[in-house]
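Please work from the sequences and hints to get the whole structure.
Going down the list, the protein sequences come from chains A and B. Going by our numbering, the letters in the first sequence line up with residues 1 to 191, in that order. Going by our numbering, the letters in the second sequence line up with residues 192 to 401, in that order.
No lab work stands behind these hints, which were simulated from the structure alone. Just so it is clear, the structure is predicted and the values come from calculations on it, not from any experiment. Keep in mind that a hint or two might mislead.
Pairs of lysine to any residue residues, derived as SDA-like cross-links and limited to a Cα-Cα distance of at most 20 Å, are as follows [stated by the list, open to error]:
1) A:K71 x A:D15
2) A:K101 x B:P371
3) A:K71 x A:G88
4) A:K101 x B:A282
5) A:K71 x B:A271
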Amino acid sequence: MSVKVETPVTTELSDLSRDLIAVRDQRDRAAFGRLFDHFAPRLKSMLLRGGLTDGSAEDVVQDVMLAVWHKAAQFDPHRADAAGWIYGIARNRRIDMARRKPLSQPEEMPDLPSLDPDAGQVLALQQEASHLAAALARLAPEQADALRAAYFDDIPHSRISEITGLPLGTIKSRIRLGLDRLRHELRSIAP
Amino acid sequence: MTDIQHHISDELLDDYRAGALPHAFSVVVAAHLSLCDDCRARQEARDMIGGALLAGAETAQLGTDARARIMAALDTPAPAPAPRGSGVFPAPVMAELGGRPPRWRMLGGGIRQQILSADREGSLRLLYIPPGKAVPEHGHRGLELTLVLQGSFADSEGAFRRGDVETAHDDIDHQPIAGPGEPCICLAATDAPLRFHAMLPSLLQPIFRI
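Laid out in structure tokens, this is it:
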């Protein structure tokens, strides 16, 4: 593993991840406001796309962003970027609305995990995150569509098969090939 | 943590994430994610894909008071933190136990169980198997996930230790035997009642609920 360094790792982060760390470490309301301005309209469009009414989507956006504020202590830039971490909160919130019981959740990561950050790992992960959109754009359309359905719209494989009329095996192989291709693209884009 | 050999499949992980698994299976997946750093990273990588697509998503117009509402809400107290794991039981199992230690029922032969939930969608239970003891031979209709929390067991599919998950479909007729050393404690989820071959007449099945 790379050597741990004392210098702040925030220089390697996107503006959004830096804002999320400011929320986490300083309870910075201005930084939170910027996160809200960026993510709330996108979360709302994602929720509307998933079939929520305008009013429900507004309420879920409020819930998700309030959870971002309250759970910020768990944000770890070794493990996720701001967009991925916030997406995960939104995914859980959306799914719980549709279930009788809330979805069973893994043990939470310890709070303030990166007081001794490993700059190399943070850099690698954040670089990968910044290249993800470009890597996704290079996929064959049917693979990109399958990944979008599975990992953005959160539709189970069996339901994707019903919606598209394609056999389940085809959906599974498109997702698997899409993930393999994505890994390959990330390796070729990122140094 | 790094020596976990038996993981959950992509399909189960994706169904878990989409909220499509019955409750019993979702607890096993959440418990495995609590113990397995590799699978937690797989889960996070999928969220990063969602995040990249979220960052590139179109925007929808928010209500005029949305920003004022959220900023005013920041002073509300944070919700109570999720319960933590205790002993060999990770947080999602402790949540099923209601935060208390297991209350075992004896099944004979030193084997104990506690049923955590049972409904039409499936059942979830903890099993306690003394070293060297066999879990009574059973086949099942449907899917069974078994996560080891303490000790180990072995069957025709291999050896399973803490953090390992055995995924058994209805074509497997296996006979797990607890390994030496500590008693084996595992979390088992099924989507159908188990059929016992040897130890219990099938008539008793609903009573023992195994």
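- Query: Which earlier hints can't be squared with this structure?
  - Reply: The structure breaks only hint 2.
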